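Novice: Chains B and U, in that order, are what the protein sequence lines are.
For what it's worth, the numbering used here labels the leading residue of the first sequence as 1, then goes sequentially.
For what it's worth, the numbering used here labels the leading residue of the second sequence as 1001, then goes sequentially.
Hints were generated in silico from the structure; no laboratory data involved.
Incorrect hints may appear among the rest.
[Said to hold, decoys possible] With a straight-line cut-off of 27 Å between C-alpha atoms, the simulated DSSO-like cross-links for lysine-lysine are:
| id | chain 1 | residue 1 | chain 2 | residue 2 |
| --- | --- | --- | --- | --- |
| 1 | U | K1036 | B | K37 |
| 2 | U | K1003 | B | K54 |
| 3 | B | K37 | B | K12 |
[As the list claims (entries may be wrong)] Footprint (simulated), chain U over chain B, 3 or more residues, beta carbon under 8 Å:
| id | stretch |
| --- | --- |
| 4 | 36-43 |
| 5 | 47-59 |
[To be verified] Just the calculated beta-carbon pair ranges, DEER-fashion:
| id | chain 1 | residue 1 | chain 2 | residue 2 | range |
| --- | --- | --- | --- | --- | --- |
| 6 | U | S1032 | B | M1 | 51 to 61 Å |
| 7 | U | P1107 | B | D18 | 49 to 59 Å |
| 8 | B | K12 | U | R1011 | 45 to 55 Å |
| 9 | B | G36 | U | R1014 | 45 to 55 Å |
| 10 | U | R1066 | B | K54 | 47 to 57 Å |
| 11 | B | D2 | U | P1107 | 48 to 58 Å |
| 12 | U | L1017 | B | T35 | 23 to 33 Å |
| 13 | U | F1128 | B | R4 | 26 to 36 Å |
| 14 | U | I1035 | B | T35 | 24 to 34 Å |
| 15 | B | T10 | U | G1123 | 50 to 60 Å |
Predicted, not measured: the structure shown is a model, and the values here were computed from it.
The beta-carbon is built from N, C-alpha and C at its ideal position, and this holds for glycine as well.
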Amino acid sequence: MDNRLRELRTAKGWSQGDLADALGVSRQSINALETGKFDPSLPLAFRIARLFSKRIEDIFDDGLGAMKRAAE
Amino acid sequence: MPKVTFREANRRYRRGLIPAVVLYAIAAFAGSFWIKTFETPPLWVSSLVAVVSVAPVGIVFWLMWRLMRETDEYARLQQAMAMAAGGLITAFVSMAWGFLELYDVVPDMWTFLTGTIFFLSYGLIHRFVMKGPCEPGFGNG
């Protein structure tokens, strides 16, 4: 699943370690999320969204949102 | 149980692992030396040495289980996959050796070596397979 995590993190000037500490996860988890190796669970996705004050779908894109917009 | 952070979970794991490994080494060596002092070791001595030697291994398995419960979701996925693969490899190697033993192709293997096979395969997979590049979306069904 594509996501804007790296973009949002670097906009705040945070390292992967900083973001990991803020979310209570490992730096490896953040790296895996940013590189698309791993998709977060729902609770983690909510924590990420709240941290950046955005909606989950504004951060993560499963590809169906673009299809829906194209259909509209 | 209060939720622990990823870092604290790792600290708890290391704090238990190091003493367990030291205890295992002491028990295994000291126990074998003690048994050799007997011409024919009594059953209770042999049993005691065996149980004391394997007890730290049980502790390590419990520590691994607790770490899986306490760590973060990505590390838990990696651990679970590595443990599953290690278990499957151990089962296969043990069964293969068993069949070879059955037909006298190879000598009898000590059963406790299955533990060695598991730790070796789990460790190699965790280090070289799970840490390496994965396909996008790995582990998400």
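Novice: Are the hints correct? Go through all of them and say.
Specialist: Going through the hints against the structure:
A hinted pair counts as satisfied when its Cα atoms are at most 27 Å apart, and K1036 (chain U) with K37 (chain B) does not qualify at roughly 53 Å. At roughly 26 Å between alpha-carbon atoms, K1003 (chain U) and K54 (chain B) fall within 27 Å of each other, so this suggested pair holds. Our distance criterion of 27 Å between C-alpha atoms is met by K37 (chain B) and K12 (chain B), whose separation comes to about 23 Å. With 6 residues having a Cβ less than 8 Å from any Cβ of chain U, the stretch 36-43 of chain B passes the three-residue criterion, so the hint holds.
With a threshold of 8 Å between beta carbons, the proposed coverage of the stretch 47-59 of chain B by chain U is violated, since 0 of its residues qualify and at least three are required. Distance hint check: the CB atoms of S1032 (chain U) and M1 (chain B) are about 54 Å apart, consistent with the given range 51 to 61 Å. As the Cβ distance of P1107 (chain U) to D18 (chain B) is approximately 56 Å, the hint placing it in 49 to 59 Å holds. Between K12 (chain B) and R1011 (chain U) the beta carbon distance is about 28 Å. The supplied range of 45 to 55 Å is therefore violated.
The hinted window of 45 to 55 Å between G36 (chain B) and R1014 (chain U) is violated, with their beta carbons roughly 30 Å apart. For the pair R1066 (chain U) and K54 (chain B), the beta carbons lie near 35 Å from each other, so the given range of 47 to 57 Å is not met. Between D2 (chain B) and P1107 (chain U), the C-beta spacing of about 55 Å keeps the proposed range 48 to 58 Å intact. Between L1017 (chain U) and T35 (chain B) the beta carbons are some 29 Å apart, a value that agrees with the proposed interval 23 to 33 Å.
For F1128 (chain U) paired with R4 (chain B), a C-beta distance near 31 Å keeps the hint of 26 to 36 Å intact. Checking the proposed 24 to 34 Å range against I1035 (chain U) and T35 (chain B) shows it is violated: the Cβ atoms sit about 53 Å from each other. Checking the proposed 50 to 60 Å range against T10 (chain B) and G1123 (chain U) shows it is violated: the Cβ atoms sit about 35 Å from each other.
Hint compliance for this structure: hints 1, 5, 8, 9, 10, 14 and 15 are broken, all remaining hints hold.
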